[in-house]
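All chains, full assembly: derive it from the sequences and hints.
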Amino acid sequence: MVKKFKWVYLFLLLFLFQLPVQGEGKLIFDHADLLLEDKYSELSSLAEEISQESEIDIIVIIEENLKGNGIDIEKYTQDAYDQYKFGYEKEYGNTAILTIDLKGREVYLAGFGDYQKYLTNSRLDEIREDITPFLSENKFDLVIEQFIKEVDRHIGMPISPNNIFLKTWFQLIIALIIAATIVGIMLFNMGGKVTVSHQTYVDNSRIKAKRDVFTHKTVTRTKIPKNDNNSGGGGVTSGGHSHTGSRGSF
Amino acid sequence: MLIHHTCPNCGADMNFNSETGMLSCDSCGHNQSVEQLEDIKLTQTFEQDDAREYHCENCGAVVVTDKDTTATSCSFCGGAVILVDRLSGELAPVQVIPFTISKEEAMQAFKKWCRNGRLTPKGFMTANRVKNITGMYVPFWMYDLNNDVEVHAKATKVRTYTSGEYQVTETSHYDVYRKLDIDYAKVPVDASEKLDDQIMDKLEPYNYNDLKPFKTAYLAGYLAEKYNYNDEQLYPRVKNKVKSYIDNYITSTINGYTSVQYHQKNINTKQKHSYYVLLPIWMIYYDLEKQEHNFLMNAQTGKIVGKPPVSMQKVSLWFLGLFSSSFIVLKIIALLLGGALW
Ligand SMILES: [Zn+2]
Ligand SMILES: [Zn+2]
Numbered sequence: 049m050v051k052k053f054k055w056v057y058l059f060l061l062l063f064l065f066q067l068p069v070q071g072e073g074k075l076i077f078d079h080a081d082l083l084l085e086d087k088y089s090e091l092s093s094l095a096e097e098i099s100q101e102s103e104i105d106i107i108v109i110i111e112e113n114l115k116g117n118g119i120d121i122e123k124y125t126q127d128a129y130d131q132y133k134f135g136y137e138k139e140y141g142n143t144a145i146l147t148i149d150l151k152g153r154e155v156y157l158a159g160f161g162d163y164q165k166y167l168t169n170s171r172l173d174e175i176r177e178d179i180t181p182f183l184s185e186n187k188f189d190l191v192i193e194q195f196i197k198e199v200d201r202h203i204g205m206p207i208s209p210n211n212i213f214l215k216t217w218f219q220l221i222i223a224l225i226i227a228a229t230i231v232g233i234m235l236f237n238m239g240g241k242v243t244v245s246h247q248t249y250v251d252n253s254r255i256k257a258k259r260d261v262f263t264h265k266t267v268t269r270t271k272i273p274k275n276d277n278n279s280g281g282g283g284v285t286s287g288g289h290s291h292t293g294s295r296g297s298f
Numbered sequence: 047m048l049i050h051h052t053c054p055n056c057g058a059d060m061n062f063n064s065e066t067g068m069l070s071c072d073s074c075g076h077n078q079s080v081e082q083l084e085d086i087k088l089t090q091t092f093e094q095d096d097a098r099e100y101h102c103e104n105c106g107a108v109v110v111t112d113k114d115t116t117a118t119s120c121s122f123c124g125g126a127v128i129l130v131d132r133l134s135g136e137l138a139p140v141q142v143i144p145f146t147i148s149k150e151e152a153m154q155a156f157k158k159w160c161r162n163g164r165l166t167p168k169g170f171m172t173a174n175r176v177k178n179i180t181g182m183y184v185p186f187w188m189y190d191l192n193n194d195v196e197v198h199a200k201a202t203k204v205r206t207y208t209s210g211e212y213q214v215t216e217t218s219h220y221d222v223y224r225k226l227d228i229d230y231a232k233v234p235v236d237a238s239e240k241l242d243d244q245i246m247d248k249l250e251p252y253n254y255n256d257l258k259p260f261k262t263a264y265l266a267g268y269l270a271e272k273y274n275y276n277d278e279q280l281y282p283r284v285k286n287k288v289k290s291y292i293d294n295y296i297t298s299t300i301n302g303y304t305s306v307q308y309h310q311k312n313i314n315t316k317q318k319h320s321y322y323v324l325l326p327i328w329m330i331y332y333d334l335e336k337q338e339h340n341f342l343m344n345a346q347t348g349k350i351v352g353k354p355p356v357s358m359q360k361v362s363l364w365f366l367g368l369f370s371s372s373f374i375v376l377k378i379i380a381l382l383l384g385g386a387l388w
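Chains A and B are the protein sequences, given in the same order.
The opening position of the first sequence corresponds to residue 49 in my numbering, with each subsequent residue numbered one higher.
The opening position of the second sequence corresponds to residue 47 in my numbering, with each subsequent residue numbered one higher.
Source of the hints: derived by calculation from the structure; they are not laboratory data.
Predicted model only: the values in this text are computed from it and were never measured.
You may find that some hints are simply not true.
[What the hints assert, rightly or not] A few chain A residues that face chain B, going by a derived Cβ cut-off under 10 Å, partial list only: (1) L84; (2) Y88; (3) Y136; (4) P209; (5) L224; (6) T243.
Positions of the beta carbon are idealized from the N, C-alpha and C atoms, including for glycine.
Have a look at this one:
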């Protein structure tokens, strides 16, 4: 009985080891044991599915306490990328990482690889703002689900999917303004318009005297506003990999 | 005194022909150039309260005129008559731009303009309801003006850059001074009280290459009127007119600043010359649903001015068309950028 169990265990272990070779590594690192088992596998398969679809590794790292141990969340995320060599179908490839520091109440989102163009600092800010309400309510399964879906929503979009230009109501207003302006100009001009100017009747014009005297200079300095909730952005890992990022607390 | 231009060959009345620029006789086809004609010079001046009756020298009928008429045709025999005593003395025009667009060409051009009216009602576009089309010489004063302009302004150049954690805005302040000398030549102002000033301004420009020394023969076959206001009375209008031109020019001489604030603008306008001239227009009376619409055409360039009727149906169609097409274009761009359909 014991032997049989060992055999099964060995087989399972081998099977699990085979997975990374096929390019299907672990995507969710729940170092705080926060997720129930079935929730974990559900989210893992969602991350797996979206990763394949969007050609980007979607990584979630949950840590018990980074800040308290004097670890910077951004640096931690960078080191994780260097160490695990994340990337879709290659080492150091396209990767989106969400790192959560439970005790430190901090979160860091990073984009690596070519797909940084879809996960710019400002777009990561948008995603972070989307998941922050769930973070504050400690609904971490929803946080992870939302993060995966948002990354999927941004990949392949030349502009942010949240861009106002993509909103139908905005397109309607712009179309309304264009139509009203053109019809207004047509109505205004339909009785003829004045077509003479200075140029029509000028016989001779000259500047007899001109002076442009500098008197004084005024300088104002304003501190560039820094969001307390959000510092950083992207950077470069110790391994020399550049990335985008968004940092915040919850 | 009333004159006819009669044909030296057959004695019939001659009319000015806008195509040839000559007087021509409809009966025998004789053409006569206008430049060589000697005008009758009257020494007597026109009396303001002149309610005199004029009689057609062809048929003896009373020629109907109002107090401003200087040229018309006999309503009985159709002969072109010119009221030369109203074109003499201080009422003598110096120059004239003759008609270059004939009545037929004017009608054609007007029909074309009506067809192109994108917001006018359907019935209007056929232009077969033209009630009347009249060629008329409108009295104008033209002014040669010299303008002495002095401008004091405060201007700024703004430079912004980031330095460390700061956004730095550097504003350089300047005292700007300009002394300008601007000459305008032959700025026209209509001197008829009947015609709307704003509409007349839109008829400009006239091409001054066609300005000819005045001869009464140019008026033969057209209506003409004398001025209601003299050059002194119209001077404020022309001053006001060139003010916008001057403002334009001033702006063009002050470049490279972020903002310009004018503190003092002294414009000293002096009149160098004024000329009394007659400029040609076609007046088109048009009936649509018992409403009369008047249009004016520059009879030298063909430019048409007037308030055409507006079809609310067409306005709405245009609006809807432009609205939906620009919405579709925006939607397509959005879809190409990866947006959703809704
Ligand atoms: Zn003849
Ligand atoms: Zn008669």
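Status of the hints after comparison with the structure:
1. L84: violated (34 Å)
2. Y88: violated (31 Å)
3. Y136: violated (20 Å)
4. P209: P209(A) check passes; min Cβ-Cβ to chain B is 7 Å, inside 10 Å.
5. L224: Hint on L224(A): holds, closest Cβ of chain B at ~6 Å, below 10 Å.
6. T243: holds (7 Å)
Checked against the numbered hints given earlier, the structure breaks hints 1, 2, 3 and satisfies all the rest.
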